[in-house]
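J.: Below, each chain spelled out in residue letters.
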Amino acid sequence: MLGKLALAGIKNRRRDYLVLLAGLTMSAAIFYMFANLATNRAFIKANAVVSQASLIFGFGAVLLILITVVYIMYANSFLLSMRQHDYGLFMMLGATRKRVGELVFLETLILGTIATAIGIVLGLLMSKFLVGFLLNMLGLHLAHLTAAYVPAIIATAVLYVGLFILASLFNLVRLTRTTVLNLLHSDEQANQPKVKPFRQLIQGTLGIVFLAIGYWALAAIKVLQVMAIPVALVTITLGTYLLFRATILVIIRGLRHTAWAKKHLNGFLLGQLNFRVHNYTRMLTIVSLLFAMALGAITVGSGYHKQLPMMAKTIGTYTIAVHDKTPVEQKLMDQLHVAYTATYTQKRQGKMVYYNADEIAKQPVEQQRYKKSGQPEAQLYTQSLKDFKKSGTQDMDFMALALGKIGAYTPKILSAEQFAKQTGKTVTVTTIRVKDLQQDKKPLKQLNKLENKRFAAPDGMTVGSYQGFEMMNGFFGGLEFMGYFLGIAFLAMLASCLMFKILSGAPGDQRRYRMLYKVGVRQNLMRWGIAKEIGILFLIPGIMGVIDVLFGLQMFKPLMSAPMSPYLGIGSTFLIFIGLYVIYYLITLALYWRIVLPKTTTD
Amino acid sequence: MTTATTVVDVHGLEKTYGKANERQYRALKDINFSVAEGEFVGIMGASGSGKTTLLNMLSTLDTPTKGDVIVNGHDVTKMRGNQLADFRAQEVGFIFQDFNLLESLTAEENIGLPLALKGTASKVMDQAIHEVAETLSIADLLQKYPAELSGGQKQRVAAARAIVHHPSILMGDEPTGALDSTSARELLDLLTTINQKQAMSVLLVTHDPFSASFCQRILFIKDGQIGSELKRGSQDRAAFYQQILTELGTFNE
Ligand SMILES: Nc1ncnc2c1ncn2[C@@H]1O[C@H](COP(=O)(O)OP(=O)(O)OP(=O)(O)O)[C@@H](O)[C@H]1O
Ligand SMILES: [Mg+2]
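So the sequence lines, in the order shown, correspond to chains A and B. For the first sequence, counting from 1, position 207 maps to 206 in numbering that gives the first Met the number 0; every step adds exactly one. For the second sequence, counting from 1, position 70 maps to 69 in numbering that gives the first Met the number 0; every step adds exactly one.
Warning: the hint list may mix true and false statements.
Cut-off 30 Å, straight-line C-alpha distance, at most; resulting in silico cross-link-like pairs (DSSO-like, lysine-lysine) [claimed, not checked]:
(1) A:598 <-> B:77
(2) A:441 <-> A:452
(3) A:598 <-> B:18
These are calculated hints, taken from the structure and not from any lab test. This structure is a prediction, so every number in the text was calculated from the model and none was measured.
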C-alpha cells in the first residue's frame, strides 16, 4: 500500500525525477569516460608521453571523485526536498518509521542504480564518439583507446553504487531523526542567521589572509614544489569560505535598509538571499573552487594548444628541410602555406659541405636572434653574403642542413666557379618555414615521415622545428587533452551541483510565489525576481572562480616558459567557458520557473 | 453602470469546473448580489457550497465561466495577465486562512509588499506601515519574522498587509479559521474597526456563526446559489448571533 503511494508520489513529479536522473546519468557517464582513460593500461603504455602525465591523471581522478561525492550529496538533497513532505504525511497517517525508512532507502538506491547503469552505457558511447571527436579536433592521436574497458566499468559502478548506498543511509538517518512535524513543514522554517560585527570582521580578515597565502603558494610553485598544490587547495578553500561568510550576509543586510530594497520585489529578493545564502556558503565555496579548476584546466589546455607552435618556432628557423625532394614530396610541399623557402645545392666531401655563394646571396639564410641569456627570441633576420660568410656558417640550423654519420659537416661557401669545379656528393636541400604549424600539420607530418626514411640524422631525427613540434605535441598533448577533458567534466558537474542545490529550494519557493501571485505580483516581475536570485547564486562562485584562476595560472609559469605564457589568449577561453556556464544558468532558471511559477489563471 | 456607492456588483455569475470533455461540476449557478461602499458583508454556507469559489472569482484568482463581476467600477472578467495582477495588488486586500506571510521577510517587509509593488517612495511607505501597525497594535512586532509570531499575531500582520494600500475592498476567506477564540475575536474586532473607521468595505467568508455575527448583512449560499439573506439592522451582535443560528437551522434543512 505504502509502496503504491510512494510510486504515485514519484509519478506526480516525474519531470523533476527525470531531471535528477538525467543529471546523475551524465555524471556517471563522465566519470566512466575519465576512468576509462585513467585506468586503461594498454592505452597509457602505448602513449609513453601520456604516461608521464599519469600523475595528472591521478590528480584529476581524485578531484573528480571529490566532485562526484559533493554532486551526489546535492542531488540527494534535491531528492529529499521533493519527498520529505510525502514521507511526513505517510508517518502522520500511521506508517511506522521503519517502513518509511525502508521506502526511502529503496527509492534512493533504485534511482541511483538505474542512473549508474544508464550512465555507464552512455559513458561507453561517449568514449567511443566524444573522446574521438575531441582528440580529432585537437589533432592528437592516442593509441589503444578502447571504449569498453572492464576495470573502468567496475570502478564506476562500485563508486556510484557505493555513494548511493551512503546517500540512502544518510536519508534514512535524516528521516528517522526529524519529527513528523518538521518533515511536513520543512520548507516553512526560516532560520535567520545573526550578524555579529566583530566576529564577521575577524572572519573577513582571516579569509583574505588565507586567500593571499593560497595565491602566493601558487605563484611560488618553484620554491614550494609539489607542496604548493595542497597548501593552496586548503588555504583557498578556507579563505573563500570565510570571506563568503563574512561578507555576503553583511552586504545583503546593508542593502535591505536602503530605499532600493523597498521597490517592487527587491525586498523579497534580498529576503530570499538572506535566508538562503547562509546555507549556501559551503556550496558556493565548493562551486567556486570547481569553477576555478574547470576554467583553469580548460585555460591551460587551450594555452598549450595555441602556444605549442609558438614554442616550436623557437626550436629552429625553418619548419622542415627536405633533401633531394621526390615528386611525391614536391606535391606535399605545394600544399604548404609557405612564409619563407630556400633551396640550396650542397656538395659533400670528407668532413666538408660546400655551398654556392650565388644561391645563398639570392636566398639568404634566415637566422634567429638570441638574447644575452642564450634564450632564443622569436625573431628572424638575414645577413648579407659577406657577413654570413664570417659568422652565419656557425649557425646551428644552417649546419644541421648537412648531417651525416660523422655528425654535422663543416659548411664552406664557395664562389660559383669554384663551386662548379668542386667534387663531392651533390645533394639539394629545400628549407621551408610555414605560416602556421597547426594549419599545415597534415602534409608536414607526411613530409617528415618521408624525409625520415631517407635522410634521418642519427636517432631517427629530422631537422627543422616540425620534429620538435611533434615531440612536444606528444609530451604536452596529453596535458592539453587532460585540460580540456577535465575542464568540461568539472564544468558539467559543478554547474549541476549548483543546479540541484538551487532546485532543492524550489518546492519551498512554490508556496512563496503562489502567495506573491495572490497578493497581485505580475508574472513578469516574478520571473525577473527569480532570474536575479538565481543569477546572483551563479555569479558569486563565478566571480570568485575567475579570480582564483587569474592567480592560479601562476602555477603554470614554470611549465609554460617564455615565449609561452599561461595568460596568453585567455580571453577567448574565458568567454567560451562563461558561455557554457550561462547555458547552465538558463537551464536552471527554466526548470525553476517551471516548478515555481503559479499558473496564470487557477490551479 | 453601477452607482458610485457600489463596490462589488455581481451579475449572473456561474462557475463550472472541468473542461468540456471532462467530468464537469457546476460550483456556482446564477449568483447576483452587490456590496455597497463601507458595508461589512458575510458569506456563509456549508462546506463545499461554493464560498471559496465565489471569493476567488471576486478577487480574480480564478475566472468565471459566465456572468459579470464589477469591482470598484472595473469589470474583472474582461481583464488579462498584468491587469489582473495589478487589480489584485491595488483594489483588493486579502486575508487568508493560512496567513500567507512570506517567512523570508520581516513583518514590516511583509506589510510593505503591496506598496513596494506600486513603487511607493520609501518614506511614504514607512509612514503608512507605521500607521497601520498602530491601528492593529503590532508596532512592536515589525522587526520579527513570521516564524517568531503566534497565529493571532501573524493574522494581524496579514490584515495589516491587506489594508496598508487602502484597497477598495477587504476580503477574507475564513481568516479566523486557524485562530483560537480569543485571537479570532480580536481579529474580528479589528476588522470591524477598520470597516467603521476607514469606511472600507469588507467581505468575509465563514461558516462560523460567531464570526458572521460581526457582519451587517449575511448571504447564505447553498449548492452554488444564494439561498437567503439576513440583515443585522439595529439589533446588537448577540441578538444577531441568535438570529443567524435560527436561520442556519432552517436553511440547512
Ligand atoms: N479546482 C476545482 N476543480 C473542481 N472542482 C472544484 C474545484 N475547486 C472547488 N471545487 C468544487 O466546487 C465546490 C465548491 O468548493 P468551494 O471550495 O468553493 O467550497 P467552500 O464553500 O469554500 O467549502 P469549505 O467551507 O469547505 O471551504 C466543491 O464541491 C468543490 O469540490
Ligand atoms: Mg473554502
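J.: If a hint holds in the structure, say so; if it does not, say that too.
T.: We went through each hint and held it up to the structure:
no., hint, in the structure
1, A:598 <-> B:77, "holds, 18 Å"
2, A:441 <-> A:452, "holds, 17 Å"
3, A:598 <-> B:18, "holds, 16 Å"
The structure agrees with every numbered hint stated previously.
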